[in-house]
Amino acid sequence: MAAPQQSTADSEARQADAVLLDDLRAGRAGAYEKLVRSYGGRLLAVARRLLTSEEDARDAVQEAFLNAFKNIHRFEGQALLSTWLHRIVVNVSLMKLRSRKRKPEESLDHLLPAFRDDGHFAERFDSGSEPADERLAREEEQTAVRAAIDDLPEHYRTILLLRDIEGIGTQEVAEQLGITPNAVKLRLHRARQALRTLLAPRLGRPGR
Amino acid sequence: MTKLTCRACAEFLADYLSGELEIEVRASFEVHLDRCRNCRCYLEQYAAVIKAGQTACARENERAAPLPEELVRAILEAQKLR
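Protein sequence lines correspond, in order, to chains A and B. Under my numbering, the residue at position 164 of the first sequence is numbered 164, and the numbers go up by one with no gaps. Under my numbering, the residue at position 27 of the second sequence is numbered 235, and the numbers go up by one with no gaps.
Just to be clear, a hint being listed does not mean it is correct.
Below 35 Å or equal to it, Euclidean Cα-Cα: the simulated DSBU-like pairs (lysine-lysine) are [to be verified]:
1. A:K185 with A:K101
2. A:K96 with A:K70
3. A:K103 with A:K34
4. A:K70 with A:K34
5. A:K103 with B:K259
6. B:K259 with A:K96
7. B:K211 with B:K259
8. A:K70 with A:K103
9. A:K103 with A:K185
10. B:K288 with A:K185
11. A:K70 with A:K101
12. B:K259 with A:K185
13. A:K70 with B:K288
14. A:K96 with B:K288
15. B:K211 with A:K185
16. A:K96 with A:K185
17. A:K101 with B:K211
18. A:K34 with B:K259
19. A:K34 with B:K288
If you're looking for bench data, these hints aren't it; they were derived computationally from the structure. Just so you know, these numbers come straight off a predicted model, no measurement behind them.
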């Protein structure tokens, strides 16, 4: 019965948004502070993932809120405030990433699967007794999963985060990063393969 | 129907999971998957790490500490100066 619960939560969030939006647009005391305190922690988590530098992440959150305050009258309420703010902090973080000195692309080849001449995998994978998704969803595996994402080379980590975690579409990621949609898809696939290799020891299966 | 190798199947994983494989390629992919335990296992693990990343980051968001007080103050002060 997840859907009705989700629907109720969504409805409650929209009602809370409507009240806060009224206060923000009317310039009522404390409205900006409430917005910052309500959503700031999550936005900082998103910025930290994308930028890895604490200083840059804090700058991104500040800039995101200032953008949001400036454009609050344009927010039409079709999305949740949290969704709107999330997109703003992702965009600001991407601008910061683009402004950084471009690093040479690190190779990921050592984390990709190897194949024999006949096209078969060089390695045998073991499905084990517990489904891989259930095993990795365990509380004690969360730190390892996050660390593995952080271990990916930046060019790949950014695309994995944008596509799989932050839910940005292929076309938009391509436009934001100035690369082709096919390059986005290829890097995403490589990043997922590399993540699988990094997490293979957690699955009780041979790594590479 | 084209006979696929494990190498070809591995390249199609992302498009298979997102439902973007052309019908004929998908049919060949599924025939290979049906016969190849190693590819089924690789697909399971590939899909699992996507889900694991999403779960870990969603938990990170849910458990995010409140914004540091000095940053809250800095944002509100910067807004006042605008």
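Results for each hint:
| no. | hint | result |
| --- | --- | --- |
| 1 | A:K185 with A:K101 | holds, 24 Å |
| 2 | A:K96 with A:K70 | holds, 19 Å |
| 3 | A:K103 with A:K34 | violated, 38 Å |
| 4 | A:K70 with A:K34 | holds, 16 Å |
| 5 | A:K103 with B:K259 | holds, 29 Å |
| 6 | B:K259 with A:K96 | holds, 27 Å |
| 7 | B:K211 with B:K259 | holds, 29 Å |
| 8 | A:K70 with A:K103 | holds, 33 Å |
| 9 | A:K103 with A:K185 | holds, 20 Å |
| 10 | B:K288 with A:K185 | violated, 43 Å |
| 11 | A:K70 with A:K101 | holds, 29 Å |
| 12 | B:K259 with A:K185 | holds, 17 Å |
| 13 | A:K70 with B:K288 | holds, 12 Å |
| 14 | A:K96 with B:K288 | holds, 24 Å |
| 15 | B:K211 with A:K185 | holds, 24 Å |
| 16 | A:K96 with A:K185 | holds, 22 Å |
| 17 | A:K101 with B:K211 | violated, 45 Å |
| 18 | A:K34 with B:K259 | holds, 32 Å |
| 19 | A:K34 with B:K288 | holds, 15 Å |
In summary, the structure is inconsistent with hints 3, 10 and 17 from the numbered list given earlier, while agreeing with the others.
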